[in-house]
Amino acid sequence: MNHAVFQNQPWPTLVLGGARVLLLPEFDDPAVRALLADIELRAAAPAANVLHAGRNRTVQLEVTLAAGRPLAVVVKSFGAQGRLKDWNDARRGTKAERSFRVAARLHAAGVGTPAPVACIERWSGRRLLASHFVSVFAPGLTCFRDELIRLYRADPVCSKLIGLLQTVADAVRAMHRAGVQHNDLGNQNIMLRRTGDATWADVQFVDLNRARLRAALSLRDVARDLSRITLPSDFLRVFFEMYFEAPPPAEFLRWERHYRRRFAGHTLTRRWRHPLRERGAPAGDPATTYPDPKDIWIWDERSAQAISTLVSRDRNKLHTAANSMHIAGAVAGGALPVWNQYRALRDRLYAAPVDFAGCFGLAVEPRPASFALESRWLADLGKIPVLVRFYHHAAPEQRAFAALAARQLAAAGHPLAIALVQDRRAVLEPARWRDFVAQTLDQVGAVAEWAEVGHAINRVKWGLWELRDYLQLLAPVQELRGKFPQVRWMGPAVIDFEYHQLLAVLKLLPPDFRFDALSHHLYVDRRGAPENYQGKFSAAEKFALARAIAACSPAVAPRLIISETNWPLAGTGVWSPVGSPYESPGPRCNDPSVSEQDYADYMLRYLVIALASGMVERVYWWRLAARGFGLLDDTAADPAAWRLRPAYHQFRVFLRRCETATFLERRVQPDGARYFLFRAADGACFAFAYAHPAPAAFHPPFTCGEVRDALDQPIPRPAQLTGSPLYLLEVVR
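Per the numbering used here, the sequence shown starts with residue 849, numbered consecutively.
Read the hints as simulated data drawn from the structure, not as lab findings.
Backbone N, C-alpha and C fix where the C-beta goes; we use that ideal spot for every residue, glycine too.
Be a bit skeptical, because a hint or two may be false.
What the hints assert, rightly or not - Think about it this way: if two alpha-carbon atoms lie no more than 20 Å apart in a straight line, the pair counts; the simulated DMTMM-like pairs of lysine to aspartate or glutamate are: (1) Lys-1309 to Asp-1143; (2) Lys-1309 to Asp-1162; (3) Lys-1355 to Glu-1314; (4) Lys-933 to Asp-1055; (5) Lys-1309 to Asp-1140; (6) Lys-1331 to Glu-1297; (7) Lys-1008 to Asp-1082; (8) Lys-1309 to Asp-1082.
Claimed, not checked - Between beta-carbon pairs, the in silico distance windows are: (9) Arg-974 to Gly-1434: 16 to 26 Å; (10) Pro-1216 to Glu-1277: 43 to 53 Å; (11) Thr-1570 to His-1106: 45 to 55 Å; (12) Val-1580 to Gln-1326: 25 to 35 Å; (13) Lys-1331 to Pro-1518: 53 to 63 Å; (14) Asp-1283 to Pro-1134: 20 to 30 Å; (15) Arg-1110 to Gly-866: 34 to 44 Å; (16) Arg-1110 to Gly-902: 21 to 31 Å.
Use the sequences and the hints to build the structure in full.
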């Protein structure tokens, strides 16, 4: 009978050992023909290297070609099937034939797949007795699934994961452009070769028996294929953008969701469809299975943060009702006293003199290659307070160097604060976290003045899915703080204007534990300037509300420290906190990034507002050197070539003017001109002046002498104030 495998093919049909064979001409060799003629016996022989012993058995065999060159091949033998499938395969081709035909198309197009050698079919009338697909053996390959699991569990570095996704996305795009729809594009069917610590190549697609050849793939065809890719949802978003090299079309996204839901339902019914096969399936080995979505924790060195792996919709599904109820209860019970306290503090904003000495801090990230130079740049700012982070996920040698650097900074006269930063393993392995806390305190506890426990604890990307998880981070501190009585403790380091979370976590703290100050990571970048409002709250009102919460909670002293703030810098791509982990193609919407000059101006205004308001005791600027948000641009490989940004120069001037001064009063004119009056250490008065939200006429409400810009350069008396601060000297009130 005529079967589809032998119709309209570019390869000659052979009959070997009673079977019909398609053989790729480049492998037409007597030794190969002999192997194909005896394929079933050779594949079943004890000498065959069994690669997979499932229903479709796969073995590795060796032959020596006529020229004496050895050739290793893989034989995939497809199992017996029912009459209906035999009838269907007689019309559209067997699994072996489809695998061969698709592999030949990919091979000819230069798309990775094990090179096809032959397809063998043995029929008896209308029944398929046996079919085999033979391809060249490709040694040293791993698969996309196994590489993902390895990175998730042992090497959770964002740049490596992004590199892996890009490699695979490029290869899948090439496969589709060759006119192949895989139809079973699971992560396990994408083979590749690891070529370095963070590089991959030689992507090869396997298990092609469900694939179809197309003149061109529709968006629906692409969606069907990509719906089988398994990734956390935010990395899946990135993968789609990599594949399309643009935001994915809406039509694709609709079909992808459709097929993903359908495949999820298909997977759920597997144990009923294949009860015998599933009953004998072994339990998953943690080393070879995906972690729970909550336990996938990825670190991005470029933006110096943990990365969200799930889109908000999927994150919200994993939150427990108990957590939400606790937050609601904390807000219901604490809102009224906090609001009353807030109104009293709001009325006292800028009302009292404030000594600015020791109020401005800077975070540093000690690195062996650059710390000596960073120390020199830091010294030029004076003996200001510094904050050094200690990361639970960091290698021991990295933490040891951070401890050495911290001791050196303290010895140089910088008041030292440390931050104990968690990852997901800190929650999953509390004994390991305790050892980390104990080791860090043993190394720097004798020289640290402040220590912060936990980091951005209301962001699940930092490893805490329940607010109660924070109690695990706090437990070793309760145990060890008595050994370091000189260390003052701050926390719980909630990030952004999410004070319902802050109220809830403070309510959870044990009655015998009290923080010496409330630490808070307060960003206002998404509102633009620090004077801009979110509802009824600008930065000043947010400071007052946080201070009110501290005043009303028995778990913390009524002191507020802003332990992290900055603005993301425009044009810094994935090195920016808002650009990581992947710089999406196309225009950005609601991007809070600012120019280097606006960054410098906004930060000085933020510092003055925070301290002059009387609500904040100290602000730590995050951080000295960083490509996406630092006072220094550390893009260059050689630290000696790092660039000092305007923020560094303006901060240095600001410190020399204001760090030893006392704030006296603030005057705001109707047109938005703002004047902050100070008394210097020598008794002379000066003003820090700017305008917001628009330029305003320069009409100081006092007499003044020389005017200097933010870089301390004398300038002519201006006609107007802008958002860039000026210093007005020789002020007479």
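Query - List of violated hint numbers, smallest to largest - result: 9, 10 and 12
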